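Chemist: One line per chain: the protein sequences are A and B, in this order. In terms of my numbering, the first sequence is residues 1 to 372. In terms of my numbering, the second sequence is residues 1001 to 1372.
Quick caveat, the hints were computed from the structure, so don't treat them as lab data. Here the structure is a predicted model, which means the values were calculated and not measured. Be a bit skeptical, because a hint or two may be false.
[To be verified] Partial chain B-side listing against chain A, Cβ under 10 Å, derived:
#1 Arg1005
#2 Gly1128
#3 Ser1340
[Said to hold, decoys possible] Just a sample of chain B residues kept apart from chain A, beta carbon distances all over 12 Å, derived:
#4 Asp1166
#5 Asn1244
#6 Leu1269
#7 Asn1324
Even glycine gets a Cβ: it sits at the ideal position worked out from N, Cα and C.
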Amino acid sequence: MSRFLFYLILVNMLANIIALTPRVLVAGNDNGTILSLILVLPVIIIVSYIIISLFRHFPGQGLPEILKTYTPKWIATPVLLFFSVCWYFAGLISLIIYTSIIIRFVTPDMHISIILLTFVLVITYGILMTPRGIFYLTEIIFLIIVPFIAFILIKGYSNFYFQWDYVRVAIMHINHLPDYAAFSSSLYISIGIANLVIFNRFFTKLKKPTWKGMALLTAICTFLLLSTYFIPVGLGGFDSLDNVLYPWIMTSDSMRMKYGVIERILFFFIGAFLVLAVVSITMLWHVSLQLLSGAVQFKRFKWKRYNLTTPFFIVCFWAIAMYEIATISLDGLYRSFRIFDEYFLPVIVFLLIGCLLLAKKGAASKWRESEK
Amino acid sequence: MAGKRKVMKNFFFIAMIASLLLQTGCAFKDIDKRIFVLAIGIDPSEKVRDGFKVTLKLAKPAGDVKQAISQDFTYLSHDSDSIAEAIRKMESYVDKKLDLGHARSIVINKELISKDLNTFMDVFTRRGDIQMIAYVAVSEKTAEETVTFAPDTEPPATIALFNFFDNTGTDSPYISTTFLFEMRRKALNKGINAVLPIIDINEEKKHFEVNKSLVLKWGGEPVELTQLQTKYLNSLIKDVNEFNYEIKEDDHHMVLFINRVKMKYKIILDEGAPRIDIYIKKSGVISESSKVLDNRHLKKYSEQAEKDVKKKVMELLTKLQENNVDPFGFGLRYRATRLSREDLMDEWERIYPEIKFNVMVNVKLKSTGAIE
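Chain A with its partners taken away, still in its complex shape (with noise of 0.2 Å):
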């Protein structure tokens, strides 16, 4: 398997440790959280397998050519537009936080506008690259990026208050049915395979998933998915989580570096995670903005011979960003966070599939019908 496979999950799967997942499954932890990580654990890697599988009949294109060509157009462009908009809200979201993030703990003073607008900056430039581009991004953040997080997440478990009680009555909460917020929530940080809908352009010859891969990124996406929510409990404490916002990095404040250069380790842990939110986000606003220009593109909307089209977009997405920025509460957040994970999440995935089932079959017929 591509290592790139495994960038475009990992990325989505880390960049959310700190955001707003923990929080739903520490809400939901007398209430079944454990067993819907259990149910989403094997849900993500059939998902993830069949998104991978079917992504190999179409070498090397994204999803607005795959509609386009084997797909009826009043299929294709709903689909389009709604993928788009769903991508670009799970981006925003993303930014909202973390931009909340960086004025409650890093710069309190600074003004919220102008943190969104550093990091859309940033943003902007990056989804202007092409695929390949993004990908060696990652790539280079990855590497920089994951020994720290490995340290923290080492640190965590190794920490002399971290108790496995804690854990354990978290785990004795077995016996409760699933926690369908739990169960949402955790789809949506491992489900970053569905990016391949534009970053599959990149792959031009798709190799099968061996089940080496398969393997290693289910043990990966094991410990990840339930340290997200294990370290929290064992640091923080199992009734004592219920009101924190952020219980990540309130974890990551109780541990303590003793000798280290500083010895709070939030600064560290925001920093690092601050990176790869942003190249997640990138990843997000890119697939969002490309389905988008896949689908519509105003041909008379130019200026000398460029076609504004995506400009516009752009500016589009930095004013629906800055609106929301200036208006949300982190109750609406929350809840937007909610629907968007429990009702638009499932259709995301089946919808997909089924386009790419549709398509494959188009595919097919098309194929019979050049043959003969």
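Dock chain B against chain A, hints included.
Modeler: The following block gives chain B in isolation, referenced to the frame of chain A:
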């Protein structure tokens, strides 16, 4: 297509560089415009009914630490009915920004401990800038006196209040270190109680004395542990690696130097009366004796030590049980080993006051020290 992208990319690249011009300096306040709070003391207020008196220990900025003869701190205090309000008022007492990011010590007056902790501990976890690895302690005298007190051993640019607790300086088994996050999780979780160290100032006002501790009880009077009990508790729940034992038998007086302690326990309910089996393993050497010792009799000395340790541990456990507090977290372990049920904790609350302790001590003396 490629040309367009290049123009766009260059545009954003220039925009990113140009955005630096918008930054009219550091968005952070410069260090000379900040004053760092090192410790926070909280007393009941004498002026405001049900209010608090908050004392802040501030580090005075100094050009050259080497030239300073004594330490340089200044103190602020204010009475108000809430802590956040008091801190806000004190911001108008200094010309700089009060920076709480370096506050490592929170000292609470003993009288406040039996009150509702939630009302004033809330602000410390709610504020993002206060470290979760700050030390929480109880003061025997007023918190103001403790915070403003400078012991004789304190050279410039160090703070004795930190050094007691951070295990880089003294490593005494009499000191219980409690971080803010730890106190929070133990206070809010069912089945475990937090332990706070008590800071006292000696009569001649020369130095601190930190050798007793307090077991918190949610909504009740805390239980004070004596010096010896604190030592035994710490030796069992903390990672203490050097501590002395005194054994007296007839006219023979011995001091053991223990460097490893391990404690394991098991709650047994289904064999007769409910009991907790506690296994304690200690190993060390003899560091003082009133008689000439024989290396061959190490086993005998070990047995003597075992008997003595067992008695002291039993005393401690009984005292804790009589007062219905549980710093070891037996209740938590009970929860951690049984499938979750709603009445699990009520059940434990019925069991705990009557449970029997079965302490098994294994002391392994390695040698009689450097001489026989």
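Chemist: Hint by hint, note whether the structure agrees.
Modeler: Okay, the hints, checked on the actual structure:
1. The interface hint given for Arg1005 of chain B holds, since its Cβ lies 6 Å from the closest Cβ of chain A, which is under the 10 Å cut-off.
2. A least Cβ separation of about 5 Å between Gly1128 of chain B and chain A falls short of the 10 Å threshold, and the interface hint therefore holds.
3. Interface restraint check: Ser1340 of chain B against chain A, minimum CB-CB distance 5 Å, threshold 10 Å, status holds.
4. Remark: the non-interface label on Asp1166 of chain B conflicts with the geometry, its nearest Cβ contact in chain A lying 7 Å away (cut-off 12 Å).
5. With a minimum CB-CB distance of about 22 Å to chain A, Asn1244 of chain B clears the 12 Å threshold, and the non-interface call stands.
6. Every CB of chain A lies more than 12 Å from the CB of Leu1269 of chain B, the least distance being 16 Å, so the non-interface label holds.
7. Every CB of chain A lies more than 12 Å from the CB of Asn1324 of chain B, the least distance being 19 Å, so the non-interface label holds.
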